[in-house]
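Visitor: Listed here are the chains, written in short residue letters.
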Amino acid sequence: MSLDKNGIAKRIAQELKDGYYVNLGIGIPTLVANFVPENIEVVLQSENGLLGLGPFPERGKADPDLINAGKQTVTTIPGSSFFDSSLSFAMIRGGHVDLTVLGAFEVTDKGDISSWKIPGKLVKGMGGAMDLVAAAKNIIVATTHTDRDGNPKLKTSCSLPLTGIRCVTKIVTDLAVIEVTDKGFKLLERAPGVSVEEILAKTGAPVIVEGDIPEMNL
Amino acid sequence: MNKVVKNASEAINGMQNGQTIMLGGFGLCGIPENTINALAASDLTGLICISNNAGVDDFGLGLLLRKHQIKKMISSYVGENQEFERQLLAGELEVDLIPQGTLAERIRAGGAGIPAFYVPAGYGTEVGEGKESRSFNGKMHLLEFGLTADFAVVKAWKGDTMGNLIYRETANNFNQAMAMAGKITIAEVENLVPAGELNPNEIHTPGIFVQRIFQGINYEKRIEFETVRG
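Taken in sequence, the protein lines are chains S and C.
Position 141 of the first sequence, counting from 1, maps to 124 under the working numbering, and the rest follow consecutively.
Position 191 of the second sequence, counting from 1, maps to 794 under the working numbering, and the rest follow consecutively.
Calculated directly from the structure, the hints in this document are not laboratory data.
Any given hint could be a false lead.
[To be verified] With a Cα cut of at most 20 Å, we get these calculated EDC-like pairs of lysine to aspartate or glutamate:
no.: 1; chain 1: S; residue 1: Lys100; chain 2: C; residue 2: Glu793
no.: 2; chain 1: C; residue 1: Lys824; chain 2: C; residue 2: Glu697
no.: 3; chain 1: C; residue 1: Lys761; chain 2: C; residue 2: Glu793
no.: 4; chain 1: S; residue 1: Lys107; chain 2: C; residue 2: Glu695
no.: 5; chain 1: S; residue 1: Lys107; chain 2: C; residue 2: Asp660
[Stated by the list, open to error] Residues on chain C that point at chain S, a partial pick, calculated with CB under 8 Å:
no.: 6; residue: Leu700
no.: 7; residue: Gln703
no.: 8; residue: Gly725
no.: 9; residue: Asn775
no.: 10; residue: Ala798
no.: 11; residue: Gly799
no.: 12; residue: Asn802
no.: 13; residue: Asn804
no.: 14; residue: Glu827
[What the hints assert, rightly or not] Calculated from the model, a selection of chain S residues having no Cβ within reach of chain C, i.e. all distances over 12 Å:
no.: 15; residue: Ala(-4)
no.: 16; residue: Phe39
no.: 17; residue: Gly103
no.: 18; residue: Pro144
no.: 19; residue: Pro197
Every residue gets a Cβ at the ideal spot worked out from N, C-alpha and C, and that includes glycine.
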């Protein structure tokens, strides 16, 4: 069984470590915040200028001055701080953020990622994605393994404009956990009930498979 | 030293067609609503606007787009505005899309008198095309240039008659850096107080960066995506 969005988020949450400062992108990455293990403490960074992102506000308590990078109303946790955009990206560019999770249109076996532009169709802009992927040392992509038409999103080269090169360290999809190594994609785990053969068939690049591949422990 | 002007229309006095204007805000959060409304009510045209986003169709910079007052936008993300996308695809509007952190740093550097600097963002992508690149510590970087503007327009929570500013929560965003980068910086504030009433320990933008300040009125503070707990 392939995972749903929450399943992907739940598996990514296992990558969190106590004391991490984490930037979560829009979409599936945002859901990771719902699955932070109870025995660890992580602080979420929002690149519009907030460290210590809390849950969405209760109904009627939304504050227009308090939003996340997806422009949704949010709250803060005790110990949070606000700052301007240039300082926010100093945190990111300076390597102070421990983990970045973001979505993608395509990822390659070299760690290249495209996520921001579909020429002639979608011209919204890159926002902070290029800064994040260029600077963070630990970048996990959260995505479905294939697009809506069943085409692989994990490939040998991106057909869409790049967001960054040689930057993605790990990919968590609805089917598998894959590491980006010097030698290309390496299969680490498979979703419960999903076979190695299915994963290989739906990946558009060679995948290193060593020994028995365990199922994700969700 | 008193920098107070009466209102937004007095604040934009002297602005000319074709000038470059920075406008603070992230999405609709912390945007200078009064000044944008005054610009939309003016005949100014051919403007080059530097702003992280472009508002929505009927609020913020969307009001200026609708009247075709903007010749070029310099932004990082413009997704929430259909008229923007239409004008762009129709070739009616020039757009320079810049990674958000690079945009913020270019503005900060411009205001700080730093003409250029290197960052890794965008290397190997179309953002890096035609740009000078250089390796530092084994990693490739792009040369980026400081940005300044004829006018910077910012929105603050509190300000005093000498132009000192304090921002609120995430409504700071681009306002603090932009306040430094305008040849003339206009600050509109929710609470204008006499000099001496703000705690100097809490000032985000020291008054030296601000030339004109006024008490804003009728803030709408529209929320783009109101999201509440499930």
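Visitor: Could you run down the list of hints and mark each one as holding or not?
Guide: Here is how each hint holds up against the structure:
no.	hint	in the structure
1	Lys100/S x Glu793/C	violated, 37 Å
2	Lys824/C x Glu697/C	violated, 28 Å
3	Lys761/C x Glu793/C	holds, 6 Å
4	Lys107/S x Glu695/C	holds, 16 Å
5	Lys107/S x Asp660/C	holds, 14 Å
6	Leu700	holds, 5 Å
7	Gln703	holds, 4 Å
8	Gly725	holds, 5 Å
9	Asn775	holds, 5 Å
10	Ala798	violated, 23 Å
11	Gly799	violated, 25 Å
12	Asn802	violated, 16 Å
13	Asn804	violated, 15 Å
14	Glu827	holds, 4 Å
15	Ala(-4)	holds, 17 Å
16	Phe39	violated, 5 Å
17	Gly103	violated, 8 Å
18	Pro144	violated, 5 Å
19	Pro197	holds, 32 Å
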